[in-house]
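Same order as they appear, the protein sequences are chains A and B.
Position in the first sequence (from 1) plus 115 gives the number in our numbering.
Position in the second sequence (from 1) plus 115 gives the number in our numbering.
Because the hints were derived from the structure by calculation, they are not lab data.
A couple of the hints might just be wrong.
If several chains are the same, the list does not tell them apart, and a pair holds so long as it fits within one copy or across any two.
[What the hints assert, rightly or not] Keeping only pairs whose Cα atoms sit at most 25 Å apart, straight-line, the calculated PhoX-like set for lysine-lysine is:
| hint | residue 1 | residue 2 |
| --- | --- | --- |
| 1 | 234 | 317 |
| 2 | 292 | 222 |
| 3 | 192 | 222 |
| 4 | 288 | 222 |
| 5 | 319 | 222 |
| 6 | 288 | 319 |
| 7 | 249 | 234 |
| 8 | 215 | 317 |
| 9 | 302 | 288 |
| 10 | 215 | 234 |
| 11 | 303 | 249 |
| 12 | 192 | 242 |
| 13 | 234 | 288 |
| 14 | 317 | 192 |
| 15 | 319 | 215 |
| 16 | 317 | 303 |
| 17 | 242 | 215 |
| 18 | 319 | 348 |
| 19 | 222 | 348 |
This structure is a prediction, so every number in the text was calculated from the model and none was measured.
There are 2 protein chains.
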Amino acid sequence: MTTDAQILTALRSAQGGGVSGSELSQQLDISRAAIWARIEELRSFGYDIEASPHRGYRLVSAPDHLHADDLLSRLGKTRTIGRDIRVFQETTSTNDVIEKLARDGVKEGAVVFAESQSKGRGRLGRKWMSPPRKGLWFSLLLRPAMRPSAATQLTIAAAAALSRAIRLHTGLKPEIKWPNDIVIRGKKVAGILTELSAELDKVKYVILGIGVDVNLSAGEFPHEFRKLATSLKIETGQSIDRAELAAEILRELDRDYARICAGQFTAVADEWESQCATLGHNVVIRLGDRQIQGRAESLDVDGALLLRTLHGHLETIIGGDVTLEK
Amino acid sequence: MTTDAQILTALRSAQGGGVSGSELSQQLDISRAAIWARIEELRSFGYDIEASPHRGYRLVSAPDHLHADDLLSRLGKTRTIGRDIRVFQETTSTNDVIEKLARDGVKEGAVVFAESQSKGRGRLGRKWMSPPRKGLWFSLLLRPAMRPSAATQLTIAAAAALSRAIRLHTGLKPEIKWPNDIVIRGKKVAGILTELSAELDKVKYVILGIGVDVNLSAGEFPHEFRKLATSLKIETGQSIDRAELAAEILRELDRDYARICAGQFTAVADEWESQCATLGHNVVIRLGDRQIQGRAESLDVDGALLLRTLHGHLETIIGGDVTLEK
C-alpha cells in the first residue's frame, strides 16, 4: 500500500475522530513533515482533511473522483481482487487497458477504472456509454485454472456479486437478467462483458468488464435508452458515493471469485438463481439470426442457461439476447 | 501482389522455359530496365535466374530462405489464407506477432512465418524448439463466426490439412494424434497450437500456430526428444523444399477452412478420422492432475473427443495428453 493509501486508511479507521501527526508518523514510519506533505497533496486532490492541535487530522470528506489509493484504503483486505488498482481519467476501454496488462504478465486481481471511456463496449461489440464520473467503468483481470467453457461461471459470479453489492450499498432490489445484465424494475442499471484468451482446453486469462450507471440523471441517457436503462441515482433519488460502491463491489467480487476457485459454483449459482429475473419465465432468445422460444429452467454446471423449448427439448444456451415474454 | 511476386510467378509458370524481358515488361506494365533491376535484386536474395538473349529469363533455383513474395508466387489463388504473408528472420513466437496484428485489425487469413523463434511454444506453455531454417514455424489468423467451444473444429481441420499436405508433398503417410499432433511411425513431426480470443458466446479471433520439423537431422534434436520426435528429412532421407511445402500446407488449410466456414465440418472430420492414430484405440488421457482411461470412439460435433471410459460412460474430452495403451 502506498503512503497515501495508508494515511487514508488510518484516517478512516478513526471513524470521524482524529489521528495525531505523531501517531501517523509512528504507524507509517515516516517523519511528521512527510505526513504533512502527503496531507497537503491529498487536499490538493480534493480531500477535505481538517487539522487541529487537539484532535489531529480528521477526514471530513473525499472528492467524487476515483483515486487508486483511496479505493485501496476503502477496500480493506481482499484475497485476490483489487490488490492492484489503477485509475485512468480517460481511456478507450478499460478492457483494452487491462488486456495489455494481462499480456505483460500482470497478476490476477488487477483492476483498472476509468473516469470515462471513449470506446466503452458491451457484448458483441456494442457501444457502452461511459460519461465522465457518472458511473463505475472498470475491468478486472482473472487467471482461473479452468476450461474456456466454464468461463460463464465467472459471469454468473460477477452478476451475483454486483447485484449483492448494489443491494448492500443502496437498499435497492436489483435483479439479474441472464447472462450479464443487472436490472431494476425491468431497466438495465449495470452490465458485465466477459472476454477471454485461451487455448482450446485452458483459459489463459479472463477479463471482466463492468459498467454501472451510478449518478446519471434521466436526461443524461440518450433518448432511445430512456425506457430501457436507469441509474442508481434515479432509482434511489440521491447521489451515490461511487468510491464506496466500488469498494463494496470489489469485496463482493473477491468473495465470489474465491468461491468459484474453491469449486463452490453451486453455492454461487443458487444465490444467483434467487435473484434472477429470467429463470422460471417464458423467454425468446435471439442468437445471431436464430431465435429460440422456451422456458428458462436453470443453469448447468458451467453456468449456461438450460432452456426447455416449445418442443420439450432442453437446449443449452451460452449467449444471446433474452426477452421475457409477456 | 508485389512486382517481385509477379516476376517469380511468371518465371514459375514458364516451368523451366524462359520468359523474355519484353514479355515480363508487358505483363507487369513496367519498363524492361525496372524488370532488370528487380531480377538483380532477386539474385542478391539467392535466386539463381539465368538470362540469355534467346531464351530470356529462366528461374534455375530458389534459395532455402522463406520470402513472402516467393511464397505468394508459389501459393497461387486462395480464398482466405495467405493473401497477406509476412516473414521474419527471428521472432519470439509467431503466435505473439500475429496476435498483435489481430488486435490491430488485420484481416483473417494473414500468415506470419519466422525462420527461427526464440520463444516458440507448444500447448500449455511448453517450449517448442525452432532452429533457424530447419522447419516451418508459422501462425495464421482466422476470424470465424463461431462459438468458442467450436474452435476445436479448426484444430481438427488444420490437422487434416497439414497431414494431407505432408502426404502430397513427401509421399509419407503421416497420422494424426488427437488433438494436435502429426506423427510418423509414432514420432511427432508437426504440432498445432490453437489460441483464441473470445466473448463467452462468440470468437473474436483464432490463431493457429503450426510447427513442422522439416530438415532437422537426428543429431539436431535434443537428446531427450530423439525417441519421440522426427523430421521429414529423417523420414524421407532427403532435404525438403520448405517453401514448396509451406505453399502446399497453406493451400490445404485454405481448402479446409472454407469447408468449416460452409458448415461442412462432418466432411473434414471424416477425413481426419481416416488418418487418426487415436480413434479405435485404448488410451490414457492426462488432464492436469486427472487421468482417464478408455477407448477413443469418435469426434463430437464441436471436434471434441468422445471417450468410452472403463465404466462405460461416454466422456467429452477437449484437451489433455493422450498416450496409446499397448
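Measure nothing new, just compare the shortest in-copy and cross-copy C-alpha distances for residue 288 and residue 222 to 25 Å and report within, between, both or neither.
-> For residue 288 and residue 222, the Cα distance exceeds 25 Å both inside one copy (34 Å) and across copies (45 Å).
Under a CA distance limit of 25 Å, which applies to residue 319 and residue 222: within one copy, between copies, both, or neither?
-> The answer is both: 12 Å in one copy and 24 Å across copies each meet 25 Å.
Identical-chain pair category, residue 215 with residue 234, by Cα at 25 Å = both (16 Å within a copy, 19 Å between copies)
For residue 317 vs residue 303, is the C-alpha pair at or below 25 Å within one copy, between two copies, both, or neither?
-> Answer is between; shortest inter-copy Cα gap is 22 Å, intra-copy 32 Å.
How do residue 222 and residue 348 come out at 25 Å by Cα distance, when the copy is not named: within, between, both, or neither?
-> Neither: 34 Å inside a copy, 43 Å across copies.
Indicate which option fits the pair residue 249, residue 234 if close means a Cα-Cα distance not exceeding 25 Å: within, between, both or neither.
-> within (16 Å within a copy, 44 Å between copies)
Under a CA distance limit of 25 Å, which applies to residue 192 and residue 242: within one copy, between copies, both, or neither?
-> So residue 192 and residue 242 fail the 25 Å test inside a copy (34 Å) and across (37 Å) alike.
Tell me, please, which holds for residue 288 and residue 319 at an alpha-carbon limit of 25 Å: within, between, both or neither?
-> Neither: 35 Å inside a chain and 34 Å across chains, both beyond 25 Å.
From the Cα coordinates, with 25 Å as the cut-off, is the pair residue 303 and residue 249 best called within, between, both, or neither?
-> Result: close within a single copy only, 15 Å intra versus 57 Å inter.
Between the shortest in-copy and the shortest cross-copy C-alpha distance, which are at most 25 Å for residue 317 and residue 192: within, between, both, or neither?
-> neither (29 Å within a copy, 35 Å between copies)
Within a copy, between copies, both or neither: where do residue 319 and residue 215 come within 25 Å Cα-Cα?
-> both (13 Å within a copy, 16 Å between copies)
Within, between, both or neither, where residue 234 and residue 317 count as close if Cα-Cα is 25 Å or less | between (29 Å within a copy, 20 Å between copies)
Figure legend: structure checked against the earlier numbered hints; hints not met, in rising order: 2, 4, 6, 12, 13, 14, 18 and 19.
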